[in-house]
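S.K.: Residue strings, one per chain:
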Amino acid sequence: MIARNKKEHAELAQEFNRDEDRVNWHDETLWWIREKRDKSAHQIPEWEHLREAASQIKNNVLSNLHNYLLQFEKNAISNGIELHWAANADEHNRIVHRLINEANVVRMVKSKSMLTEECGLNEYLAQHGIEVIDSDLGERIVQLAEEPPSHIVLPCIHKKKEEIGEIFHKHLGIEANISDPQFLTETARQHLRGIFLTRKVALTGVNFAVAETGEFVVCTNEGNADMGAHLADVHIASMGIEKIIPERKHLGVFLRLLTRSATGQPITTYSSHFKTPRDGKKIHIIIVDNGRTVQLGRKDFRNSLKCIRCAACFNTCPVYRRSGGHSYHTAIAGPIGSILAPNLDMKKYADLPFASTLCGSCSNVCPVKIDIHEQLYKWRQVIVKNGYASTTKKAGMQAMTWTLSSPFLYHLAGKAGRWVIKYAPFAVNNKLNPWYKHRDMPASPEWSFSEWYQKNRQN
Amino acid sequence: MKVGLFIPCYVDQFYPGAAIATLKLLEKLGVEVFYPPKQTCCGQPMANSGFEHLTTGCNELFIENFAAFDYIVAPSGSCVLHVRDHLHDDKNPGAAKVISHKIYELTAFLTDVLKVKRLDAKFPHRVGIHQSCHGQRGLHISSMTELVEPEFSKPLSLLQMVSGIDIVELDRKDECCGFGGTFCVTEEAVSVKMGKDRVADHLEHGAEYITGVDMSCLMHMEGILKRQGSKVKVIHIAEILNAR
Amino acid sequence: MTSREKILMTIKANQPATTKLPNITEFDHEVEGSLLKFSSVLAGVGGKVAYVSGYPEIIRIILNRNDNNLRIVSPVKELSALNTEKLVDLTSSHNLHNVEWAVLNAQFGVAENGAVWITDKEMGQRVLPFVTQHLAVVIKAANIVATMHQAYELISKTTYGFGTFIAGPSKTADIEQSLVIGAHGPRSMTVFIIEGHKHAEGI
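Protein chains in written order, with my numbering: chain L, 1 to 459; chain D, 1 to 244; chain Y, 1 to 203.
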């Protein structure tokens with residue numbers, strides 16, 4: 001049973017920061033990926049134009065989603081694909097379960113799908129006696145470790161190779177104290193090869209679904225989605241409603257941006273276009289809502305649905321790098337997660353939009369130009385208006401407002417603050433002052449600027 | 001041209017030197033500067049915390065104090081960005097819009113309006129530039145490493161006019177320092193770690209001073225430097241550009 | 001109301017006003033696909049490049065590499081001599097689980113990312129280019145385009161039930177960002193480039 005935390009980001013981040021060396025390791029690893037992304041982007045002189053084009057294509061998709069979905073459905077069906085619609089996570093899981101039952105099996109192999117993570121598919125199926133094996137190496141590792149993934153592209157970026165060796169020793173029977181990535185990957189290769197060859201049902205995600213042709217694209221570096229799908233009798237593909245793109249030629253734009261943004265590679269090793277099922281086999285697509293239609297109706301936040309799940313925003317976020325994906329206690333972490341999650345459950349995820357300094361780096365790396373940092377700001381207003389700010393915070397903000405809205409009170413408070421720092425430093429230099437935990441207070445100047453101006457310039 | 005000087009609340013109270021330097025620098029460059037005495041705060045601390053609806057008082061005060069000027073100049077990227085993007089008054093929407101077009105962060109004002117080409121300043125020290133996020137990404141006072149765009153930096157161009165100065169290279173040119181307003185206390189652990197990492201970058205490259213356009217970032221880094229017992233100091237860019 | 005109806009109805013009500021699609025022809029360069037660039041990018045992602053005069057040379061090279069007489073499969077007519085079995089049984093995907101070498105034609109290469117485009121027409125069985133331990137594909141030197149935009153221009157003129165871009169051998173960096181070649185798919189990938197009138201630049 002994968003644990004879901006009740007703690008909020010700040011507390012989880014604080015726990016994460018207890019091991020400073022580990023934070024440095026996590027931060028440097030992800031920054032290196034950001035640098036690879038930069039290097040790759042700078043090799044494309046028209047990079048910013050590509051981003052603009054991708055952004056406009058996705059804007060068009062959201063504005064015409066109804067018709068594009070109908071078009072996709074019609075074309076997919078005429079390709080021989082069966083389509084299903086799921087209003088929410090539970091319905092999605094039940095559909096998958098039914099399809100597995102219809103195939104008369106109790107096991108399934110799955111490649112990376114953050115949507116299924118969002119829906120809690122693995123847990124649901126386990127409760128119903130269905131075994132799911134995650135075939136992506138990173139996902140298999142966290143599956144064996146009974147943890148959720150911490151990053152949507154690099155699921156076990158939070159794990160060191162020694163820890164992975166330990167997990168494989170425990171679950172896959174290799175010797176103890178092995179940490180060579182080559183050996184560990186080979187171990188997973190052998191272990192999963194047997195799985196691919198024996199599973200009749202394979203589930204994949206969908207990176208892009210093309211309305212014009214009724215085909216869908218699945219991108220991997222490992223080839224695991226293909227190994228599962230082409231050896232199975234039944235291929236189930238789960239997609240969010242927003243994965244639609246209008247025409248096949250638009251893939252040119254998205255496939256140029258996706259992997260460069262994600263890892264700095266020019267393209268994933270495999271970008272597989274599924275149009276028809278193999279002879280005598282089946283492809284099922286499950287189109288999932290699960291809160292997306294609600295987000296579509298939020299004028300300030302609908303652009304978050306443009307996301308192509310590249311995780312560039314994770315890699316650049318100085319807060320994510322120093323707090324780790326698990327601090328966000330949600331399927332999709334990082335900056336994009338922080339603007340998607342409050343739509344799903346505003347109370348549970350009220351802390352996430354505040355886990356940011358609003359530095360704006362995320363918006364700059366987003367290949368589809370989602371205004372992430374602006375949406376973080378706007379979510380803060382919505383969350384407070386809906387009553388999810390603490391009473392102390394509300395009181396503190398009200399006090400600040402009164403003080404700062406009145407020149408008299410403002411100067412009085414400023415003078416008092418300076419006096420306390422100068423003559424009664426113990427009042428602020430203590431454990432009750434969170435600033436003081438790791439930082440000295442600023443020095444107290446003799447005069448404020450306004451006092452100086454009054455003395456020296458007011459004639 | 002009549003310029004209204006807007007001094008951020010924490011600069012007014014804790015770093016008057018930066019404000020004095022801003023005033024003197026502008027006057028040196030031939031600008032007629034007025035300091036409306038009834039100014040307080042731009043309202044950002046409340047707004048960024050989700051309490052934008054409480055900023056009416058600050059907004060009204062701001063408009064009252066600054067509507068009459070040709071330009072408003074402030075030694076802060078973050079306050080200027082906030083005013084530009086969020087200042088509004090339902091009773092007087094036009095006034096807010098006009099102000100948002102004429103408010104400038106100091107280095108942007110010097111570069112874009114005064115078009116300063118030389119400065120009579122001297123600061124013979126090794127200096128690291130901290131690219132405060134709101135000024136950089138919000139006001140675009142310098143190019144951003146994420147974007148594929150030609151490199152430029154208004155603060156750097158001005159600092160290069162200062163004789164004797166030695167600008168240090170950094171590993172991460174525009175990573176956030178972690179101050180982030182109330183973030184600095186609500187997410188204390190991450191905020192401090194970000195600040196420590198920023199400071200370490202400057203220290204590793206031999207900076208004697210860390211400068212930037214926002215005193216808030218510098219105040220946060222100064223708190224860490226002092227706690228570490230470091231001799232490295234923070235200094236607002238106005239003080240360097242005004243130094244002799 | 002079915003979920004489908006509910007979802008579509010809500011979308012119709014909530015979607016914003018229509019915005020236009022951008023014109024992406026600005027990305028169609030007149031530039032030809034550079035063979036040199038294709039080769040160097042492919043090498044950068046762990047692939048191997050071999051310039052050959054024709055299919056006979058490919059046969060020689062592959063047979064030389066296959067010391068242990070392990071199983072080779074090729075649906076390519078000109079390469080039928082490579083097949084270790086008289087008749088290549090491509091009716092069952094599972095039958096291919098122990099293929100050591102698969103040699104397939106690809107339709108074209110893309111210089112900007114070292115990828116080749118290959119469809120079920122060329123594969124015979126879809127699992128073949130993934131399940132094989134080593135993959136080799138054959139393209140003609142003239143069939144290299146510069147970018148993905150040109151690639152999709154070519155693709156629009158064809159049909160397929162399944163098609164994929166393959167850029168190098170399978171790989172993962174999931175373990176502490178250490179790049180390991182040979183995850184679940186092939187451990188190596190070689191692209192044989194048949195030179196015709198277009199000569200490799202600077203080789």
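Hints were generated in silico from the structure; no laboratory data involved.
For each residue, glycine too, the CB sits at the ideal point set by N, CA and C.
Don't take each hint at face value.
Said to hold, decoys possible - Under 10 Å between C-beta atoms, here's a sample of chain L residues computed to sit facing chain Y:
# : residue
1 : E73
2 : I77
3 : E91
4 : G228
5 : R248
6 : K249
7 : K299
8 : M400
9 : T403
Said to hold, decoys possible - Covered by chain Y, according to a simulated footprint, are these stretches of chain L (three or more residues, beta-carbon under 8 Å):
#  : region
10 : 58-69
11 : 126-134
12 : 148-156
13 : 220-227
14 : 307-319
15 : 344-357
S.K.: Take the hints in turn and mark each one as holding or not.
M.R.: To see whether the hints hold, each was checked on the structure:
Given hint, E73/L at the interface with chain Y, holds; its Cβ is 9 Å from that chain's nearest Cβ, closer than 10 Å. For I77/L, the interface hint is violated, since its Cβ never comes within 10 Å of a Cβ in chain Y; the closest pair sits about 12 Å apart. With its C-beta approaching chain Y no nearer than about 6 Å, E91/L sits inside the 10 Å limit, and its interface hint holds. Contact between G228/L and chain Y, as hinted, is supported at the beta carbon level, the nearest pair being about 9 Å apart and thus within 10 Å.
The interface hint given for R248/L is met, as the beta carbon of that residue sits about 6 Å from the closest beta carbon of chain Y, less than 10 Å. At its closest, the beta carbon of K249/L sits 5 Å from a beta carbon of chain Y; the interface hint therefore holds under the 10 Å criterion. Taking 10 Å as the C-beta contact cut-off toward chain Y, the hint placing K299/L at the interface holds, the least distance being around 7 Å. For M400/L, the interface hint is violated, since its Cβ never comes within 10 Å of a Cβ in chain Y; the closest pair sits about 36 Å apart.
At about 40 Å, the closest approach between the beta carbon of T403/L and any beta carbon in chain Y exceeds 10 Å, and the interface hint on this residue is violated. A count of 8 residues in the region 58-69 of chain L with a Cβ less than 8 Å from any Cβ of chain Y is obtained; the coverage claim is therefore met, three being the minimum. With 0 residues carrying a beta carbon less than 8 Å from a beta carbon of chain Y, the region 126-134 of chain L misses the three-residue requirement, and the given coverage is violated. Counting residues of the region 148-156 of chain L whose beta carbon lies closer than 8 Å to any beta carbon of chain Y gives 3, which meets the minimum of three for the stated coverage.
Under the rule that three or more residues need a Cβ within less than 8 Å of chain Y, the assignment of the region 220-227 of chain L holds, with 6 such residues. For a cut-off of 8 Å, the count of residues in the region 307-319 of chain L with a CB near a CB of chain Y stands at 0, and the three-residue condition is violated. Taking a C-beta to C-beta cut-off of 8 Å, the region 344-357 of chain L contributes 0 residues in contact with chain Y, too few for the three needed, and the coverage statement is violated.
The structure does not agree with the numbered hints 2, 8, 9, 11, 14, 15 stated previously, though it agrees with the rest.
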